[in-house]
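**Q** Residue numbers (the working numbering), protein chains in the order written: chain V, 836 to 1330; chain P, 188 to 282.
Bear in mind the hints are in silico, worked out from the structure with no lab data behind them. Any given hint could be a false lead.
Unchecked claim - Using 20 angstroms as the maximum straight-line C-alpha spacing, the simulated EDC-like pairs for lysine to aspartate or glutamate come out as follows:
id : chain 1 : residue 1 : chain 2 : residue 2
1  : P       : K200      : V       : D1178
2  : V       : K1142     : P       : E230
3  : V       : K1228     : V       : E1105
4  : V       : K1142     : P       : E226
5  : P       : K262      : V       : E919
6  : V       : K1228     : P       : D232
7  : V       : K1173     : V       : E1190
8  : P       : K262      : V       : D838
9  : V       : K1290     : V       : E1255
10 : V       : K859      : V       : D838
11 : P       : K205      : V       : E1190
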Amino acid sequence: MTDLNTLTLADARDALRRGDTTSKELTEACLKAIDGAGALNAFVHHTPEIALERAAEADKRIAAGDAPDMCGLPIGIKDLFCTEGVPSQAASRILEGFLPQYESTITAQLKSAGAVMLGKLNMDEFAMGSSNETSAYGNAVNPWRRGNDDAQLTPGGSSGGSAAAVAADLCLAATGTDTGGSIRQPAAFTGIVGIKPTYGRCSRWGVVAFASSLDQAGPMTKTVRDSAIMLGAMCGHDPKDSTSANLPVPDFEAALTGDIRGKKIGIPREYRMDGMPEDIEKLWDDGAAMLRDAGAEIVEISLPHTKYALPAYYVIAPAEASSNLARYDGVRFGHRAKLEQGDGITELYEKTRAEGFGAEVQRRVMVGTYVLSAGFYDAYYNRARRVRTLIKKDFEDVFAQGVDAILTPATPSAAFGLGEMTDADPVKMYLNDVFTVTVNMAGLPGIAVPTGLDKQGLPLGLQLIGRPWEEADLLSSAYVLEQAAGFVAKPGKWW
Amino acid sequence: MSIDTSTAARVAKLARIKVEEDALPALAAEFNTILGFIEQLNEVDVDGVEPMTSVTPQRLTRRADVVTDGDVQGKVLANAPDAREGFFAVPKVVE
């Protein structure tokens, strides 16, 4: 039999229901894979006791015939989710030792569905980064390599540990979060599927906040079907999140019909950037051809404010971060700096935050502070929010023209080497999110699907963007793309 | 607009992050790079455009203004770096 940790959620679920395996066996296979994958630095807090306990409970439920889809399936949880009694530090020194006294809504829903938590996953500090290099735990490493070159590559970020863990079969799936591309970019860099649902679909309660008007959680999985299964367990109305949508949750898996005949797929001309690598351009063209062959109508569209999405994001996200991260003051939880004789409360705040926050987080908090400060609020923050209105209107206009989904590359390149961007200015790193950030700005659902390899053998992904609340339809289109592309490559095991 | 070291120091102070004097020039340079990137937004005609307040057209839900939880002092204080007699403890703030 195949190694159990390599199964998809769907196959494992079906095997459990047939009685071919047990949650205990699945969980043990994953724990063993995790133990052998220290070199990837994907799991940063291990919870084998919790995992085995939940697996035992799940096996009882399955035997009793009362098993939701996720029951008994071992998954990893991004460190951004608060999990009761289990370290949850958003990969930051400032939350070292923090043990939440409560469980995030999403992890609570997954738990009550019977999912088995294997541990917490590496990420960029406070989800600020595109390479997992800002983590207090050190870099997560991409299981993929460039051919025989043993240079270590980034798994992307911020959900880099989630992506590496799923791609390396350390867990069957993982949770991620996405503020500007943090699910979709790492998914593309590691050859897996990741969906950011419509803003409001998944509760943000108990997820450490970065930029509250942009943050959304979502699943990171091996297949589109798995994303449909896991998303169903993650979303739903939550009175504890005032922006959570009170809408019914459709059966996403049932929506995977494989039929997209007559659907209109838009190709935005503004996403064809100067200097786009040939591999990416070809991937995109091939993807459009696959959807056309499946019966969709491919139309060129225009999203005229695309180039302003990233600069507007780098006003709005830091502004919200500076406000959200004000809570880390060394008083109520987390790290507190050692004080000198005579230091007062201001020194307590300033030293604690200087020691606790890494360089990128400090930079963004200060940029946010600046754009919100007296005299600049209108020029920066309000202007960015006006531009955001225009970016959203771009999408509304094309959807009003009958476009069902939009096809774009997920990233402007394949995974790059860890350390390769160290000397680049921060803006170069920000460009990783150029294709994904528009989706957060407009609150739309977006999914990354692996569809090919570049010349060096690294995975590349395409992104489909859907209408608000129509994740079911979006997943169905993504499923067709996945089937047509037939991406089955896996990283060779070196770790 | 260009940020000098004294502005960088002021921003650090507002953000309550201690930045050493000798780190200010590099910080100011980074701010300038990022703000230079953001300057592009000035090209956009935003006349008559409302600043976005909610990305999905929804009213924030309301509930009755009543206490819905409480009696969890132990949990609230469980992660405090310094808690004494049921309170968070901080350095003296009043002389």
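**Q** Quick check: which numbered hints come out false for this structure?
**A** As far as the earlier hints go, only 8 is violated by this structure.
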